[in-house]
Amino acid sequence: MSFSSDEHSSELRDLFFESAAEILQGMNEAGLALEQHPGDAEKLRQVRRAVHTLKGDSAACGYHQLSELAHEFEDVLTPEVAQQYAGSIADVILIAADTFHEMLAAYRGNLQPPSGGALREHISRLLRKSAPEPRPAASEATFDWTEYDRLLIAEAIRNGESVYNVAVYLDPRAPLPAAAFELTRKAIESAGKVLALRPEGGAYQEGSLLIEAALSTAQTPDWIRARCHVPSIAERVSIEELRAPDAAPRDLLDILLESEAAALASGIKPVAAAPPDEDARESGAHAGAAHPSENTLRVDAGRIDTVMNLVGEMIIGKSMLQRAVAEFERSHSSDPLRGKFSDALAFQSRVLGELQKSVMKIRMVPVDHLFRRFPRVVRDVARHRNKDIGLEMAGQNTDLDKSILDALAEPLAHLVRNAADHGIENAAERLAAGKPARGTVHLNAYHDGDEVVIEVSDDGRGLDREKILRRGMERGIITAEEASRLNESESLQLIFAPGLSTADEVTEISGRGVGLDVVKSALEALKGSVELQSRPGQGTTFRLSVPLTLASIQALLFRVLDRLYAVPIASVGEITRISDGDVHSVDDREVFQLRDQVLTLVRLDRLERFASSAAPPDRRSSKRVFVIVITAGGRRFGLAVDSLIGEEELVIKALEDELVTSPLVSGASILGDGTVVLILNVPAVVSHLSRIPAIGATA
Amino acid sequence: MKQFETLTRKDSQPVRYLIVDDSVFARKSLAKMVESFGGQLAGEAGDGRTAITEYARTKPDIVLMDITMPQMEGIEAVEHIVQQYPEARIVMVSSVGYQDNILAALQKGARHFVQKPVKPDALYEIVRYVLNEDGVTAPSIVVQEDRR
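These protein sequence lines map, in sequence, to chains Z and V.
Here the first sequence is numbered in our numbering, starting from 1 and rising by one per residue.
Here the second sequence is numbered in our numbering, starting from 1 and rising by one per residue.
The shape of chain V in the complex, shown without the other chains:
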């Protein structure tokens, strides 16, 4: 897998991720991806309810959250987490055809979204953007000149 320039927190600690998806395969591939960004897996969850308790336990820097899951849907989990932890940075992960759900999740406080199949470059940029936005990462804002 391609190596990315490491995203690091200001305190030089690795960025910690919580990955929520009912598919173990999806979780593993996302975990590999974030490791290639220099990140660390703080926790995993297979459903929304577990995601909430895992968030409370691990307080990750980034949550990657699937939309459709058993027990509790992603959106509901977003709502719960953001209500309790307004600073939570949640990136929705979804399959095509869930536009309404994504919009709802964004309105509930999710910070960004990425579509399955997840492309590492896209996820990397998104994570970096979201972390930058909150000043979590070191202030190494790369000014992207318009490349196209």
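Next comes chain Z alone, as it looks inside the complex:
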């Protein structure tokens, strides 16, 4: 196959890699399932179909080595082989998935693909011992199509095509059966579109005298018969027209879901995938019963971003309009136009809100797309370390912005691998500790306000606080004096410090130091946060919080000195007022009492990052100030503000401003009147506070 243009070709290639990734994911899942239930014939068929597709796709893309290997592997995936090697077939499938993955990676980088020698050895081992028995030729046509074939047939019929089951019985006296097969296959192919063919690929098998096909054609049965009745070869031809789709509804749904999943994997939500409803299935009409994938649009993510940006501009425009109308209402309080203005404004706001939601939805994908990789990760670690580990997942349907989800892939994989590798003890140790031999890693995702929380927890040995502190002191990250003042939670936070641990000390401190600083910075880059809880002997939980979207937030606006700031409304616990008399100094820190809790008081103008740009504070008299109590990841602190402005939806903008580039600011926004608002990065403020020991009350 040659590509007509470079652009076309690269588009196809992208599509190929995308669908190949899906195929490999499917192989991994099926392989794991087969490991649990070795006799699952349907799973095996799934793998076979997947490999078959990969074979065809890769051949079409010119990736012949991959195609050939897939072809060889396909031969192994028969029920006979699987039965004979129930114990190892799952393993080989997983090895194959890995091998294909490596080859794909090489192709993607325009490198020479690995030969896949290990897989070839497995294949020949499986094939050698299960000498294939020649299948007896079917004497009568059965048209025993696979599910996939039946689907193609059902779809063709729904699209208004005429589909026939055609069986050509070869004359047993015909010379050269292989050539006869070839001719007959060609004849059938020339008679219409072949939806299904037996023997597969039309390849001749010793002793076989029957070729079956499902044919979509505009020709009459008589014409088909004449065409397929190849002289001196065919003995007879039988034709029956297929009228009703005989595919089970479940299959159709499966395909729909699959195509949706594929679309989602590429970050696109089918806007209106045809529902597999009764009407569509029964009408069989030309219109309204299109192939499901035809209702899915593949759109470059950049285009959606453009729309999102424009929506953002419109929100700013709306805010400008609101201000103008408010002014107009003040100056023309009796003008009847007032009502019309506010009606129009309300309508516009509502539509704009819907528009924004819709665009955001397009970018959303369920976290399952990430979670589904992890069973394999856990399984591999368990095998490698000879442990018994289960993975439980919840909340897979939680939606998250695709770009955020992509950015979470690495950190999450890291945490899951760590949990399985270092968190979970081996069976003997677990039993000795009175725990079940099988350890469990939990993955959980849920919405929490404007955030999505993903938790990775294990029921393993937990973190050793003493060792972490010792390590921290050895590495010069903290002093002994500081260490003595850290509470439980704060000392655990140390493991996020760069350089706390290196790989060779992994197991000594439960391996929780390796690259965790990387996890932390990845989360901070996403305007999110990572926290952890750990109990010795009971396990560790990492909680990652990320914003639902990077595009806009609902925020509380306030003023400190002459600057406008905002915090995400979700992080605001309460608002209170205190007077200077309520503020006490502890260890160079200001604290205040809120009911029975002592909280750190943060003054933005005193934080080092902001101090330079703010006038020196001189206005602290005995007046009462507003304090926004901010709750972030189990920690609470108070934020002293000069005045509260109100709640507003902010569209996050990238601004070139030295203040914005501060890690304590997660972004900026522009109000309708052109004022710039800085959005505080609450998790960063929290961690900024906790970098200085002995502050930051924990909830």
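No false leads were slipped in.
Under the rule of at most 30 Å between Cα atoms (straight-line distance), these lysine-lysine pairs were calculated in the BS3-like manner: (1) Z:Lys55 / V:Lys108; (2) Z:Lys186 / V:Lys59; (3) Z:Lys186 / V:Lys10; (4) V:Lys10 / Z:Lys193; (5) Z:Lys340 / Z:Lys318; (6) Z:Lys318 / Z:Lys361; (7) V:Lys116 / Z:Lys186; (8) Z:Lys193 / V:Lys108; (9) Z:Lys186 / V:Lys119; (10) V:Lys32 / V:Lys116; (11) Z:Lys186 / V:Lys108.
In case anyone wonders, no lab produced these hints; they're calculated from the structure.
Assemble chain V onto chain Z, guided by the hints.
Using the frame of chain Z, we list chain V on its own:
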């Protein structure tokens, strides 16, 4: 020799044949056969190379091509001819034991095959089928009910 219902082109002209075989005897007997179908001998060739030039010169409706010949084998000739004239209708003629060669020829674009010794009935059906397939003959498709 048995007379067959005449195969005629749509333009009422006789079907024209190019017969390629290194054996003169084989060529003559095939020529007689196709004449009994109402056909006309457009040309003859004793080897693959000549077959190619003869095809270009005569543009026949059907080529009957032997598999094993000196100078250039039948398969190679098929490849050359089909490459240049994709519409060429070539029927391979072969002796027993050349299954692989036949398969290769079919894959190279030959349209059908017949085994030596060639039976007139079989060749007639094959030629008719191949011509019908391309709509060369008048649309007189006889629907063959399964006779067996």
